[in-house]
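Chains as they are written, first to last, in my numbering: chain A, 1 to 188; chain B, 1 to 199.
Any given hint could be a false lead.
Some chain A residues well away from chain B (every beta-carbon gap over 10 angstroms; in silico) [unchecked claim]: (1) R25; (2) S26; (3) A88; (4) L131; (5) W157; (6) V164; (7) R172; (8) L181.
A few chain A residues that face chain B, going by a derived Cβ cut-off under 7 angstroms, partial list only [to be verified]: (9) L75; (10) V79; (11) A92; (12) S102; (13) M104; (14) S113; (15) I139; (16) A140; (17) A144; (18) V146; (19) R160; (20) A174.
In short, the hints are calculated from the structure, not lab data.
By construction, the Cβ of each residue, glycine as well, lies at the ideal position given by its N, Cα and C atoms.
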Amino acid sequence: MLHRLPVGVKLAGLAAACTVLLLLRSPWAMAVAVGVVVLLFAVARVGVAAAWAQVRPVRWFAVALFGMQLVFADLPSAVLVTSRVVLAVALAGLVTLTTRTSAMMTALERGLSPLRRVGVDPFRLSLLLSLTIRSVPVIADLAARVREAQRARGVEWSMRAFAVPLVVGALRHADALGEALSARGLDD
Amino acid sequence: MHQFRVLRTYDVARVAVFAALIAALGLPGALNVFGSAVPITLQTLGVMLAGAILGSWRGALAVAVLLALVAVGLPLLAGGRGGLGAFALPSVGFLLGWLPGAALTGWIVERGGHSPSFVRLLVACLAGGIGAVYLVGVPMWAVVGGITLGQAALQTAFFLPGDLAKAVLATIVARGTQRAYPDAVPAVHYDRLRAGKED
């Protein structure tokens, strides 16, 4: 059900929810918030494993934060501050889980289209975004090749022997790409 | 002024490739502290290089493109993280700080003319990659984590040795790149673009 909601509604909802979380002052209100978030995950039919994967990155931070709040403040504020962070992460994760990347991209391009008025060409912007996505595997591949060359030269542990050829290679690739795009008349 | 407003095709390609480079530098695997609340990665190295080589606003644009793609859900941050959750973490300020970080690094390098000195590059990387990033990261860490500014600064100090090492590395790499490929100096690139327009 959550999957079908328009992206804009979900993002606005996320922003509103995070603001509400910041305003909650009593542990009881926070308990209700926890219930609501659990309910949302259930409605979206997100499994326990997938839900845990969203919150997992903050688990140690949450423990450290809780301990610190306990030392410097009291138990209620420790509960409040820790659950606020965990819930915000969980909600953001829920939006990401229930939205296709392509739908988010469309929303992003639509959101940026008012920039047209300050001279930003929407076509150029979406070209920039898609070129970046395309370039990630190209640069990762380049990095792997530089690593191999490094091994062959016996300078495996030199960061300089890795990064300089990588950056020069990336720039060469970028400028060749720019030339190819320009040759196709993109600057006209 | 004109050249700063219009994003030419050459720049689209450069910005896209540098955004991808920052993403690729996160691939070797991140060393995590506090359960990845604030990961130590080579990605900040990429941010400093983007500023030092592309110049201020193109460098910041490369960072903005990367962050936008992360927000949209692509796993481009170190350790394959991505999605809006990355911006709900207490470390969000250290990500957003990349924007002024790349811009400041680029601004200082741009003022170095056609052959920025080693010292200038080092100052640029320290000011942008550490100064500007911490200036945004530490207060947000304090606000989201619910701790005092002093406590946040103390915890961040733990990352300072690693970040200093990365700033020095970024300087060495930027210097090496600009020697091997003169067009990697922002001022040289601008001149070439201007000359190209007159043809």
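Hint by hint, here is what the structure shows:
No Cβ of chain B approaches the Cβ of R25/A within 10 angstroms, the least distance being about 13 angstroms, so the stated non-interface status holds. With 10 angstroms as the threshold on Cβ separation, the claim that S26/A sits away from chain B holds: the shortest Cβ distance comes to roughly 16 angstroms. Against the 10 angstroms criterion, A88/A falls within the reach of chain B, whose nearest CB is about 4 angstroms from its own CB. With a minimum CB-CB distance of about 4 angstroms to chain B, L131/A fails to clear the 10 angstroms threshold, and the non-interface call is violated.
Distance check on W157/A: its Cβ is at least 13 angstroms (rounded) from any Cβ of chain B, clearing the 10 angstroms threshold; non-interface status holds. Distance check for V164/A against chain B: the nearest CB is about 4 angstroms away, which does not clear 10 angstroms, and the non-interface claim fails. At roughly 7 angstroms from the closest C-beta of chain B, the C-beta of R172/A falls inside 10 angstroms, breaking its exclusion from the interface. Listed as a non-interface residue, L181/A fails to keep its Cβ farther than 10 angstroms from every Cβ of chain B; the least gap is roughly 4 angstroms.
Checking L75/A against chain B: minimum C-beta separation of about 14 angstroms lies over 7 angstroms; hint violated. Hint status for V79/A: violated, given a least beta-carbon distance of 11 angstroms to chain B, over 7 angstroms. For A92/A, the interface hint holds, since its Cβ comes within 7 angstroms of a Cβ in chain B; the closest pair sits about 4 angstroms apart. This hint is violated: S102/A has a C-beta 9 angstroms from the nearest C-beta of chain B, more than the 7 angstroms allowed.
Contact between M104/A and chain B, as hinted, is supported at the beta carbon level, the nearest pair being about 4 angstroms apart and thus within 7 angstroms. Look at S113/A: its Cβ only gets to about 14 angstroms from chain B, farther than 7 angstroms, so that hint breaks. Interface hint status for I139/A: upheld, as the beta-carbon distance to the closest one in chain B is roughly 4 angstroms, under 7 angstroms. For A140/A, the suggested interface contact is upheld, since its CB lies about 5 angstroms from the closest CB of chain B, less than 7 angstroms.
The beta carbon of A144/A comes no nearer than 9 angstroms to any beta carbon in chain B, farther than 7 angstroms, and the hint placing it at the interface is violated. A least Cβ separation of about 11 angstroms between V146/A and chain B goes past the 7 angstroms threshold, and the interface hint is therefore violated. A hinted interface residue such as R160/A counts as satisfied when its beta carbon comes closer than 7 angstroms to some beta carbon of chain B; here the least separation is about 6 angstroms, so the hint holds. Annotation: interface hint on A174/A holds; nearest CB of chain B at approximately 4 angstroms, less than 7 angstroms.
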